[in-house]
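Going line by line, the protein sequences match chains V and U.
For the first sequence, the tail end lands on 346 under the working numbering, and the numbers increase by one without skipping.
For the second sequence, the tail end lands on 298 under the working numbering, and the numbers increase by one without skipping.
No wet-lab data here; the hints were simulated from the structure.
Some clues are possibly wrong.
Stated by the list, open to error - Calculated lysine to aspartate or glutamate pairs in the EDC-like style (CA-CA distance at most 20 Å, straight line): (1) V:161 / U:45; (2) V:72 / U:228; (3) V:161 / U:228; (4) U:61 / V:333; (5) V:197 / U:138; (6) V:143 / U:228; (7) V:205 / U:228; (8) U:35 / V:341; (9) U:61 / V:237; (10) U:35 / V:94.
Remember, predicted model here, so these are calculated numbers, not experimental data.
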Amino acid sequence: MRKSIRTICTVAITAIALSTILGCGQSKPKLFIYNWTYYIPEEVIKDFQKRYGVKVVYDMYASNEEMYAKLKVSGGKYDLVFPSGDHVSIMINEGMLEEIDKSRLTNFANLDTAVLPLIKFDPGLKYSVPYAMGTAGVSVSKKNFPEYKKSWHILEDPALKGRITMLDDMREVLGAALKTLGYSVNSTDTTELMQAKALVMEWKKSVVKFDSEAFGKGFAAGEFWVVQGYAENVFSELDENAAKDAEFFIPEEGGPMYMDNMVILKGAKNIDLAYQFINYIHEPEVYAKIMDFFMLPSINVPARAHMKVTPHYQIDDMLKNSEFKEDLGGYLELYNNIWQEIRVGK
Amino acid sequence: MKKNYGPVYVAPLTGWLVVFFAIPISIIVYYSFLKKGFNGGVMHEFSLDAFRALYNPTIFKIAFNTFWIACASTAVMVALAIPASYFMARSRHKNLYMLLVIVPFWTNFLIRVYAWMAILGNNGILNSTLISMGLMHEHIQFLYNTNAVILVTVYTYLPFAILPLYSTIEKFDFSLVEAARDLGATKFTATVRVLLPNIRGGITTAVLFTFIPAFGNYAVPQIIGGSDSYMLGNVIARELTVTRNWPLASSISMALTALTTLGVLLFMRLNRSSMESARESATSAPVKTPQSGTGATA
Chain V
1 MRKSIRTICT
11 VAITAIALST
21 ILGCGQSKPK
31 LFIYNWTYYI
41 PEEVIKDFQK
51 RYGVKVVYDM
61 YASNEEMYAK
71 LKVSGGKYDL
81 VFPSGDHVSI
91 MINEGMLEEI
101 DKSRLTNFAN
111 LDTAVLPLIK
121 FDPGLKYSVP
131 YAMGTAGVSV
141 SKKNFPEYKK
151 SWHILEDPAL
161 KGRITMLDDM
171 REVLGAALKT
181 LGYSVNSTDT
191 TELMQAKALV
201 MEWKKSVVKF
211 DSEAFGKGFA
221 AGEFWVVQGY
231 AENVFSELDE
241 NAAKDAEFFI
251 PEEGGPMYMD
261 NMVILKGAKN
271 IDLAYQFINY
281 IHEPEVYAKI
291 MDFFMLPSIN
301 VPARAHMKVT
311 PHYQIDDMLK
321 NSEFKEDLGG
331 YLELYNNIWQ
341 EIRVGK
Chain U
1 MKKNYGPVYV
11 APLTGWLVVF
21 FAIPISIIVY
31 YSFLKKGFNG
41 GVMHEFSLDA
51 FRALYNPTIF
61 KIAFNTFWIA
71 CASTAVMVAL
81 AIPASYFMAR
91 SRHKNLYMLL
101 VIVPFWTNFL
111 IRVYAWMAIL
121 GNNGILNSTL
131 ISMGLMHEHI
141 QFLYNTNAVI
151 LVTVYTYLPF
161 AILPLYSTIE
171 KFDFSLVEAA
181 RDLGATKFTA
191 TVRVLLPNIR
201 GGITTAVLFT
211 FIPAFGNYAV
221 PQIIGGSDSY
231 MLGNVIAREL
241 TVTRNWPLAS
251 SISMALTALT
261 TLGVLLFMRL
271 NRSSMESARE
281 SATSAPVKTP
291 QSGTGATA
């Protein structure tokens, strides 16, 4: 008997608690964001919620492909999404995006005008607002390998056999090879690509693994000495002392760059709130906080003065020789065939 | 009159299979005969492109690689599982050992795979132990190759080989082995000629239960594999995401399913015919053992 009373009490309390939580949520306007895993510090979102008295519903994806497939299949109820450049152009072609009215974004003027003209995936930025840019470079364990030139040719060093990883990403690997040979990272020329393939096969002799997930951990454990990848994936695994023994560089030949962007989905229900959020992100203080968190270079010019952390590389380092990745369209097949041949070792 | 409740009893299972097996498989079959959408997805137009694309030396090579890894893993698993289940079935602490076999399942599969990385890494437990014991000076590259993939696959699916073998061996009448020994068979002969033929059902199940998941392996080659370890599962995932060729992903899945089914049918067939011939020779033998009786009813 006593037990059943207790059960009833528990149920009642849970019901009350649930209804309060749900009730609370209903009274506030909601913004639905679909973004990469860990791509906005929690604090930034909390501040936004507090300042505007709104609620942000935040879902995450691990790759552009996952995001695209989900939006394509279920439509979803999201307002704001963060695709990379190549997927922005796909989503524009598929008519999935709402045009952006820049007059509503007072902070759009903060963006670096040296970068914006290079953007070809959305010429004139009609549908997207840049969020963050970066590049995959090379991280070296200086403790184990002190002497090197800042070039992709480091991957050919026989002393590094079995100590190198490259990304499990055909665009990044072939892009690096294309750049080393002096071609564009978006090359669709078969001869150029065949040369790039031969170079990657040369690199593969020393590459122990094509990996995009755990190479940072392996680097931290001293297993790998030279890894191709994003600096944040490596340095987030290192403590202060270990970070001193490691260096990240962008090879002198350049490589593929990425830009992740904020886009509003067609049919979004909370467009006003989405604009508010985009504008909020590009407030210099807020943007500085985000880039400090990820140690990425700021494309927001006034934000640079607010940053407390020196990023692993600067925008200028990238602009020297690197290039934005564009969608390959029908040539994706060609890249894929080359990549599979590389992977099975032919 | 007695009412037949059979269909009602199996309704939940039927529903489950329809929703989570028949419908998804039908979608895969349907998609494999369509044209690929330019930006992923499919266009609802009939096309055999996805099957033509299968006829490709790279795919053959990967398929062969996959088949080889799956066969090797299965062989090792069954070879390990037979003595292990024998030991368990004969032990007084059966339930304890049973529990120990199942305990690893309480930990997430990926965490166990990462644990292997901590053990086999160049600065991992195994290498540093061997070096500190002075057995070698330089580390050995255990990880990121096909052998590592086989090792971790064996580790992952071994319980699926042990469980059916254990239940078969436990039911086995060990007085048959004693009889064989009384009649002058050595321990080895008794095991090979009396024990193994009688637990053939368990071995078949063990092979099937381990070969099928090993053939469809995806995560293990992705994490443990090296620059060459690439299996069909990885190709399917890539075609579905990076390459945005859903029909090809579907046709490879179909090929995978077809190959597995064919392999299973062939294996069961071979097994049945050899079992029948074994039974015939047993019944025609002058001394009739209870073996034929149990074999026939099983």
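Now the hints, each set against the structure:
no.: 1; hint: V:161 / U:45; in the structure: violated (49 Å)
no.: 2; hint: V:72 / U:228; in the structure: violated (33 Å)
no.: 3; hint: V:161 / U:228; in the structure: holds (15 Å)
no.: 4; hint: U:61 / V:333; in the structure: holds (18 Å)
no.: 5; hint: V:197 / U:138; in the structure: violated (32 Å)
no.: 6; hint: V:143 / U:228; in the structure: violated (29 Å)
no.: 7; hint: V:205 / U:228; in the structure: holds (11 Å)
no.: 8; hint: U:35 / V:341; in the structure: violated (24 Å)
no.: 9; hint: U:61 / V:237; in the structure: violated (36 Å)
no.: 10; hint: U:35 / V:94; in the structure: holds (17 Å)
The structure fails hints 1, 2, 5, 6, 8, 9 (numbered hints given earlier, in ascending order).
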